[in-house]
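Undergrad: Once you've looked at the hints, dock chain B against the given chain A.
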Amino acid sequence: MNKAGWWGTLGVAGVLVALSVGLPVIDSAIAGDESLPTGTVLRLGPPNGKGVRPIRLTTTAGWTLRKGNSDLSTNLTLRKGSTTLIVSSVELTPNTESGDYPDAEALWKGLGRLVPLQWDGHLSSRTTGITSDQGVSGLTGDMTTARHVGIAAVFPDGSQGAEAVAAGPPGDFAAEADAVKTMIKSIAFSKGAGR
Amino acid sequence: VKRVLRRPSFWLWLVLCLVGLGLVVLTMLPQMDAFVGGAVIGLVLLTPVLVAAVFFFIWLNPIRLRPWKPALGVVVWGMTAAFGVAFLANTAFLGILAKTAGLSFSDRWGASIAAPVDEETAKLAGVVLIALTLPRAIRGPLDGFSYGALVGAGFQVIENFLYVFNTIILTGAVHSNSAAASSFFARVVFGAWWSHWAFTCASGAGFGYLFGRTDKPMGVRIGVGLAGFLTAMGMHAWFNSPLLMGGLWQIIVKGLPLLGIAIAVYWWARTDYLRRFTAAAGQEIALGVLQPGEESLLARRRRRRAERRRVPPIEARGLVTSLRRAQLDLIEEDLAGTERVPLAADRLRHDVVTLRNQLVGSLARYQAWGRSWYPLIPGGTPQPPQSWPPRPHPSPPYPPQPWQQPRHWPAGGQPAPGDEEPPTDWSGGRGTAGPPPDGGGQGGSDLPPGTPSRMNPSP
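Chain order of the listed sequences is A and B.
Residue 1 is where the first sequence starts when you use the working numbering, and the numbers rise one by one after that.
Residue 1 is where the second sequence starts when you use the working numbering, and the numbers rise one by one after that.
Just so you know, not all the hints are guaranteed correct.
[To be verified] Derived lysine to aspartate or glutamate pairs resembling EDC-like cross-links, with alpha carbons at most 20 angstroms apart:
hint	chain 1	residue 1	chain 2	residue 2
1	A	Lys-185	A	Asp-103
2	A	Lys-109	B	Asp-33
3	A	Lys-109	A	Asp-33
4	B	Lys-99	A	Asp-33
5	B	Lys-69	B	Glu-332
6	B	Lys-99	A	Glu-34
7	B	Lys-99	A	Asp-71
8	B	Lys-216	B	Asp-272
9	A	Lys-191	A	Asp-120
10	B	Lys-216	B	Glu-333
11	A	Lys-109	A	Asp-142
12	A	Lys-191	A	Asp-178
[As the list claims (entries may be wrong)] Over 12 angstroms on every C-beta distance to chain A, these chain B residues come out as not near it, computed from the model:
hint	residue
13	Leu-21
14	Gly-191
15	Ser-322
16	Val-341
Calculated directly from the structure, the hints in this document are not laboratory data.
The beta carbon of each residue, even a glycine, is placed where N, CA and C say it ideally should be.
So that you can see chain A by itself, here it is in the shape it has in the complex:
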């Protein structure tokens, strides 16, 4: 191999290391948490033609938005102490036979398949009804991982759905449980935000 081959290989290796190692190092070095004042309204979900996002969430005191782990079209990650809350937008598709959009039970079942992937935990099969401040009916239940406990909730609204999962160390989460429930109940759907 001539020198050009060595230099070329080293150059390619350098560029690829810069992309796959350098960028993550830079990303982790940049602080990305933004403290949210009480009552901040966060908007979530793919925007329609007018730029309106279909889901709203109103914060209580002490939450920070983790920008590096958030994407306005799909999900927001919030933290309060050691408790993490992830709110996700779900685009619901109708059943091919009946034409009906999924109800809260179907959404809960689907979330039960996603939680093991995203949280390495599982949802309780026991659910209770929950009604958001906007009046949308959903389901809520417990969520557990190896070291954390938490709750989850789902709200279907026609072709749009919202899911929320919150978890933290048992002691810490118990202290924040009310704040989490308040946040979850603040989830609202923007009327006319359909695509």
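TA: Frame of chain A; chain B shown alone:
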């Protein structure tokens, strides 16, 4: 193989493909386990797409099919290493954009900023590594185009497989099978025609020009290489931009121009290759190794197939296949810019002359049995017998090696009395089923008496 194993670029390719494969498995295996139906649907629908794309880009090479080993090498790179690098880099780049420019900006423009930089670089690196590992594989923009398209096809298929799971997750994992199928339709049926393969073929063609066109000034080569890379990134940015998203507009205004650019790049690269092929064939005609008319026959796979069907079966058909292969090898050797095998061209010229003589003999024997054959160069003008070498070869002195000497010449490189000028025009004349130039119909070749060859063995 030994030469390849000694090259660091091969080992970098191998290590990064393995690391990338590990990342692919780590990322997708849990999702495949959770959504078995979606995974099966994705695999069943995407595997034929990948196979068809690979065959298409191997076939798209004019004159000859592209060698499959480097082709598979770049496809594997696209599916593993490029995907792994892009996966890590995109996640980080989008995070940086979200933290510095804000979530709204990142959500709207992040994909059209991060993906072109990360993914086009990672994909092109596969073409560069193939060029460093097998320099003869990249002789110009057409080779770069094909390998770029193949890297892109591999990347595209594995990315589409990931999007099967992304779609399932975005739709709440409620109807995972129908979500998998809808993902296929959205990303493959309506989007695959102008996606990753189209972007990387542009950067690959530019790199092919930079790497393979050693006859051009370095400034021009760098300019074309850079233009190709920027074009690929521009195409990718346009494709990912939030403008004109969804529906028919996305196909007409966003997709079709990208397909048009890819076709234009292919046409430019193909024209460049055929022009160089014709020029190299012309040089061999001037040297007397090829005959006038053969260059157009060699340049078309269909004509070569038709020729093989016309010649008598078994021996002559095998010889004409070998002859055309040697002639194509010779022309490609003339085009191999960066890594020429020493004296390979001379050896191939000798092979061409020898094979031609053997073919003449075979056809003459066939003629002696009272059968006829069609002219092998359609419309070819009969030429006076040519010989190789027609004049002293410039460098090195011909023949410097024993293997270079025509078999009917004694060692030392000078023809013995009566041995000179083995005739090479065996076309049989225009449109006639006549005998070879001379000696046909006698059951022997036209080689001078005493010339040892397969057709006219020495007593």
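Undergrad: Quick one: which hint numbers does this structure break? Sort them smallest to largest.
TA: 3, 9 and 12
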